[in-house]
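Chains A, B and C, in that order, are what the protein sequence lines are. With numbering that gives the first Met the number 0, the residue at position 187 of the first sequence is 186, and numbering never jumps. With numbering that gives the first Met the number 0, the residue at position 210 of the second sequence is 209, and numbering never jumps. With numbering that gives the first Met the number 0, the residue at position 290 of the third sequence is 289, and numbering never jumps.
A portion of the hints provided could be inaccurate.
Calculated pairs, EDC-like style, for lysine to aspartate or glutamate (alpha carbon to alpha carbon, straight line, at most 16 Å) [to be verified]: (1) 57/C / 199/A; (2) 127/A / 157/A; (3) 338/A / 20/A; (4) 602/A / 252/A; (5) 354/A / 64/B; (6) 127/A / 182/A; (7) 159/C / 120/C; (8) 287/C / 21/C; (9) 26/B / 120/C; (10) 608/A / 65/A; (11) 183/A / 199/A; (12) 614/A / 290/A; (13) 354/A / 60/B; (14) 185/A / 124/A; (15) 129/A / 39/C; (16) 129/A / 221/C; (17) 287/C / 311/C; (18) 614/A / 358/A; (19) 354/A / 290/A; (20) 295/A / 64/B; (21) 57/C / 193/A; (22) 127/A / 137/A; (23) 569/A / 20/A; (24) 129/A / 65/A.
To be clear, the hints were calculated from the coordinates, so they are not data collected in a lab.
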Amino acid sequence: MKRALATLMLVGGLALAGPQDNSLIIGTAQEPRVLAGDVVNVISNQAIKFEIENFLFAPIVQTNRDLEQIPVVVTEVPTQQNGRLRFANIRPGVRRLELDYTIRPDAVWSDGRPITTDDVALYFEMGKTKGVPSTNVDFFDRATLRVRDARNFTVILEPAYFYDLDINQIYYAPNHIMRAEWDKAKAAAAQVSDTARQAEIFRNFFTQFSSPQYLNSGKMVYSGPFTLTRWVPGSSIEMRRNPRFWIKPPGGEDKYVQRVIYRIIQNTNSLLVAILGGGIDATSSVAISFDQGRSKQLTSRAPGRFEIWAIETPFFEHLEINQFTNVQRVRDLMLDNVKTRQALIYAMNREGITKAFFDGLYTVAPTWVSPRNPMFNPNVARYPYNPERARQLLAELGWRPGPDGILQRTVDGRTVRFEIEWATTAGNQVRERIQQFVAENYRQVGIAVRINNAPSAVVLGAQYRSRAQEGSWTGFLQYAFSLGLADDGVRSACRDEEGKVVYIPTRENGFRGLNFGGWCNEEYDRLRNQAVTEFDVNRRKQLFARMQEIWASEVAMIPLYFQSDARVYKVGLLNYVSSTFANSAYPTIEPWLIGWQSRGAQKVYDQAKYGQPIK
Amino acid sequence: MAAVATTSKSKSQSTWALAWRRFRRHKAAMFSLGVVIALVLMAIFAPWIAPYSPTAQPTGDNLADYYFQGPSWEHWLGTDELGRDVLSRIIYGARISLLVGFVAAIAAALLGTTLGVIAGYFSGRPLRFYMGPLAKVAGGWKPWPFALWRVASWLLLYTLLFLAADLAWTLSGANVQALFSGTFTLNNLLSLLGLALVWGVILLIGIWGLFGQGRLDLDVVISRFMDFMLTIPELPLLLVLSALLRDNQGVVGQWAQAVFGESASVFIIITIIVLFGWIGTGRLIRGAVLSLREQDFTTAAQALGAGEARIMFRHLVPNTLAPLIVNATLAIGGAILTEAALSFLGFGIQPPVATWGNMLTKAQEYIFTAPWLALAPGFMIFLTVLAFNYLGDGLRDALDPRSRL
Amino acid sequence: MIPLLFAASVVIFTLLALQPGDPLDELRQQNPRITAEQLEQLRRAYGLDQPIYVRYFKWLGRALQGDFGQSRTYATPAAQIIFVERLPRTLILSGAALTLALLVAIPVGIFSAVRQYSRADYIITFFSFVGFSMPIFFLGILLLFLFAVWIPERVPWFPKFPVQSISDFQWSQVLSGEITFFQFIGDWAFKLVLPVLALSTIQMASWTRYMRASLLEVLNQDYVRTARAKGLSERVVLYKHALRNALIPIVTLVGLAIPGVFGGAVITETIFSYPGMGRAILDSLTDKDYNVAMAALAFLALLTAVFNLLADLMYAVVDPRIRYS
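Isolated chain A (complex conformation):
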């Protein structure tokens, strides 16, 4: 019996994991739709895709965990000092940026062919071809490529924005693999005039080079420190070390991880069981929830086995406030009045939430700018929990306690109760918990909360979220967003340089724009429009500092906190480190450094610098 079971175990593919054979098993709750061939993100721009592709493709330049740019495929990062970066003023508010790059001579594909400007050219051609439904259209509309020779090229951006220097948007595609098919697809698309048909042709082209079937055939080439060996859809993705990768980690690459396997376990409870059982060496950025990371089953087994870390992400959890005065409910509650919004924020025990729900591992956010963002300004109006102050502000606005203890006032002969609607994504336990917690806080100052949740497809759909002007939601809307380092405050903006309201969804502009609550401030808009094209970090910091001051004193939104992720690593795993802004908190940047201590890998990055331990 025992022997039979032992055989079963071996058959079960429960091979030795971790340091024993210098491999790494990563558990993830999400499966990428495609990998590798979808270079201009036509089919997918999921986080997990980018996270895994970090292993497979070397970026041109990389923002590392300390937010410095390091060259990977090219020899140098363009700066004004080395003369590779040039500005030109085209007209007021529009600047042109030129960036010169030189590809390293030893940069090669996994089949040994050198990476050349042909590969970069193919990437730009794909992105810029009309009819390719790329999700980064805005970049390709602004960018042009000038190839100087096989290794030198220049990228010109016009108009250029400050974040063009902070995030790398330039990639390349294997010309010798994809070119022939690409020319065919392009010719086929030119034959038809129907946009939908064209898009389908291009989608099929990208699919052809990114599907599991194609990647398993071994025809794809890679440029990263790993190459994909097998992808079993719904189950696992396996990668092996690429001996041709040009950057060598300290002490030799044989001391570092040789094989990486992603295990896809969609249900996070099941994923946690897999971690507890020891089958998973590390979690990806899409894995267990924060609560699960703090569960006793895990923490009690952690000593000597696991490290559990809380990593702050750039995802900003907040409440948007409907400030469209044409909505009856908004006028009744005077939500467009700063005093009301201040009362609402004072009456909310946000410190209590971060302490009671998250063990103090979260901190209350003062504004939408993350404390880990260099643009962060700590000296803004903060609103510590102060129900007394809230009561006082509300009384000044004419609210008096009614018979049921809820505040009321008389408007045009009508009696109005202070009952605020609060909508968020139904089934999100953390958000529903916060709603109920705050409802209790609010009851104490005489504000009633009417919770009105719906599935996220409904709440975050354009028909609901963007229609605050039509009163689709009348009070609070809770969700989270992130623009990472590229954040330019567009989600609180109102008017563009010409003074047109484009950032607030209104009937006039066809409900476009992402400032759903409709907060509008002239000074903020002026500063923001200036900051977007300000390439000098210090001057931009000043503009951002003032923007945050206005935002906070006006209570444009109610900031709650920046979400943190729980990450679990086996003890002894080195350089699998996440930080808030480097590549959206993916742990897989500079993946050639990931290794096991017991196999001789050296520690370069310390997780303690970028996160807090969960005990």
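Keeping the supplied structure of chain A fixed, place chains B and C upon it in accordance with the hints.
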């Protein structure tokens, strides 16, 4: 004749008395009746029974210490993720859970049984839904409601034909004018030909209507409708409904708010559960009736001149009780859980209102932090379903005329 | 049946087209810098600018030729995802679970009915309701935790059950001789133990109840009494007379349950990481991958219609009294 009537009356009284006597002998059923009554009383008198308010949260500094407590003397079933008393939430939760469970399961069973019996009984026997005024009246169809319906259906048909003819005339009015004003073109000619054609068709239908008759196989209609309902995927339908109901600019959203107002959620949830819940019962009953109607007792009842309705509901339905009761008991449990799933889709019961279903769903999130949170609501659903099962068993035994007790 | 399928496909298509949020919502969320014109361009690229009926007839025209379009989320044709990848898997899991549930539930139900109101009957009833009231997520996680963590931590020789129920072995590896046939079958079977156990436990409960109720009903009928009075042995009465009639409603229910087998069990599949039909449908709906959703739902509609027809015909087979005029 009078004598027969009185005996039948006294007999029917004794039938109920006999049933009650049989029921009382069924120990498990009696016990279950007690449990169900206790549950209902618990739901009604929740404010007096519950030790705490179901939404009362702890106040103070170290709030986390009050969360996820295990069972203790203060909190018999522990506390939940906001430090609220689980026992109190279970007691209050009974209100919506029992309401939704009972009403939805019973309504689905009634609807399913009615339609299932009709479909099964009339299978292969089409119903004449229309009969022209000059048509020969076939034998066997003389009840006065049918005569009434006959007249109504003539009126309906001829009114519709009139309206169609009128509409066709109005639409082509301009073409007729063109005929006299001298600006007649090929287009006008084609339009007039169309008008003539439409009128011709209307005339033909009218003539057929004098002598003809329309037949309708109720079984085909009901069965195909059930098939159709079964093919509709629930999840997308619910998502669409969810969006429609909260779109306060749209017709459906405004209508729902106007009609149901604040208590819309429970009605909507029950309606949805019934809408999808009756089909299983319907098919089950239809299948059973298809067999039962061929049995001797049905033929006997028909020979004795019993009305269709009487045969269906006095003779056939009681014989399908066995699977029906199992179905309905399981449906109660199902409905209680479905309520949670529907609330998850944004149909209504919003936090902080407690129901057993949403307590159970929420426990899923905290299964590694506080696994016992799943036990209390799970046990209550178990108790309800078990009690109803025995109650159903007892009822069936008591009402079954063949029962040997 | 054809009009029914047509109507069903129209309704399903319309429902999908009316889903809240369109595929571009996600995009707008992730890339707020996209301009109105670019968004309009993408709308056209996705064909979202056309009215629903145009899209429906385009879909229908292709579907009738067997082309269900490309999946938006997986780089694969929708038909391949549904019919080649997901359907066989789901049939293995749900089919095995249903078979196991019936194999246990029918004898247990018969036993329970024959010994009505005995102690054994009460125990069986109790457990079948425990099974029925047990939420599958709870049972699933409990089984996983026990067999993958708790027992192996205490009993060193105990095989650690995998959390992922799908085998990494593929049939092509058997053909290429990389692994043996028995390794292949063994691995699949071993990994399916827990999900099949969980799913069938839940189903067993209701099947036991239905079998018991149905048989009890028949045992009370006159002809059974007649048969007994004739002096036939209890065995003959039970198996020859009663059981055959008691199975009629069970056949209906099995007929109704079979499309469900094809539809998969979404929670079980999710907890045990077994990508089958249930997950395919749910994921395609949340990802707004309507080609996949449409292929799966239209296929299920077809199955439902076919099995309802078969169930009708089955009545006549098991019960010769039923006539169709």
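Checked hints:
Proximity of residue 57/C to residue 199/A is assessed by CA-CA distance (about 14 Å); at most 16 Å being required, the pair is judged to hold. Of the pairs offered as hints, the one joining residue 127/A and residue 157/A holds, with about 14 Å between alpha carbons and a cut-off of 16 Å not exceeded. Taking the CA atoms of residue 338/A and residue 20/A, the gap is near 63 Å; set against the 16 Å cutoff, the hint is violated. Taken as a hint, the residue 602/A and residue 252/A pair is honoured in the structure, with Cα atoms around 14 Å apart against an allowance of 16 Å.
Between residue 354/A and residue 64/B, the direct Cα distance comes to roughly 11 Å. Compliance with the 16 Å bound is thereby established for this hinted pair. Between residue 127/A and residue 182/A the alpha-carbon distance is near 14 Å, which keeps this suggested pair within the 16 Å criterion. Using a Cα cut-off of 16 Å, the hinted pair residue 159/C and residue 120/C is violated, with the two alpha carbons roughly 36 Å apart. A distance of roughly 7 Å separates the Cα atoms of residue 287/C and residue 21/C; the hinted pair therefore holds under the 16 Å criterion.
Straight-line distance between C-alpha atoms of residue 26/B and residue 120/C comes to about 14 Å, which keeps the hinted pair within the 16 Å bound. Taking the CA atoms of residue 608/A and residue 65/A, the gap is near 10 Å; set against the 16 Å cutoff, the hint holds. This hinted pair checks out: residue 183/A and residue 199/A have alpha carbons roughly 14 Å apart, not beyond 16 Å. With a CA separation close to 12 Å, the supplied pair residue 614/A and residue 290/A stays within the 16 Å bound.
Among the hinted pairs, residue 354/A with residue 60/B is consistent with the structure: their alpha-carbon atoms are about 9 Å apart, no more than 16 Å. Of the pairs offered as hints, the one joining residue 185/A and residue 124/A holds, with about 10 Å between alpha carbons and a cut-off of 16 Å not exceeded. The suggested pairing of residue 129/A with residue 39/C holds, with an alpha-carbon distance near 13 Å, which does not exceed 16 Å. A hinted pair counts as satisfied when its Cα atoms are at most 16 Å apart, and residue 129/A with residue 221/C does not qualify at roughly 80 Å.
This hinted pair does not check out: residue 287/C and residue 311/C have alpha carbons roughly 36 Å apart, beyond 16 Å. For the hint pairing residue 614/A with residue 358/A, the CA-to-CA distance comes to about 10 Å; that is within 16 Å, so the pair holds. Only pairs whose Cα atoms come within 16 Å are accepted, and residue 354/A paired with residue 290/A is accepted, the gap being roughly 13 Å. Restraint check for residue 295/A and residue 64/B: the C-alpha separation of about 14 Å stays at or below 16 Å, so the hint holds.
A distance of roughly 14 Å separates the Cα atoms of residue 57/C and residue 193/A; the hinted pair therefore holds under the 16 Å criterion. Proposed proximity of residue 127/A and residue 137/A is supported: the alpha carbons are some 10 Å apart, at most 16 Å. For the hint linking residue 569/A to residue 20/A, the alpha-carbon distance of about 15 Å falls within 16 Å, and the restraint holds. At roughly 38 Å between alpha-carbon atoms, residue 129/A and residue 65/A are farther apart than 16 Å, so this suggested pair is violated.
When the structure is compared with the earlier hints, violations turn up for hints 3, 7, 16, 17, 24 and for no others.
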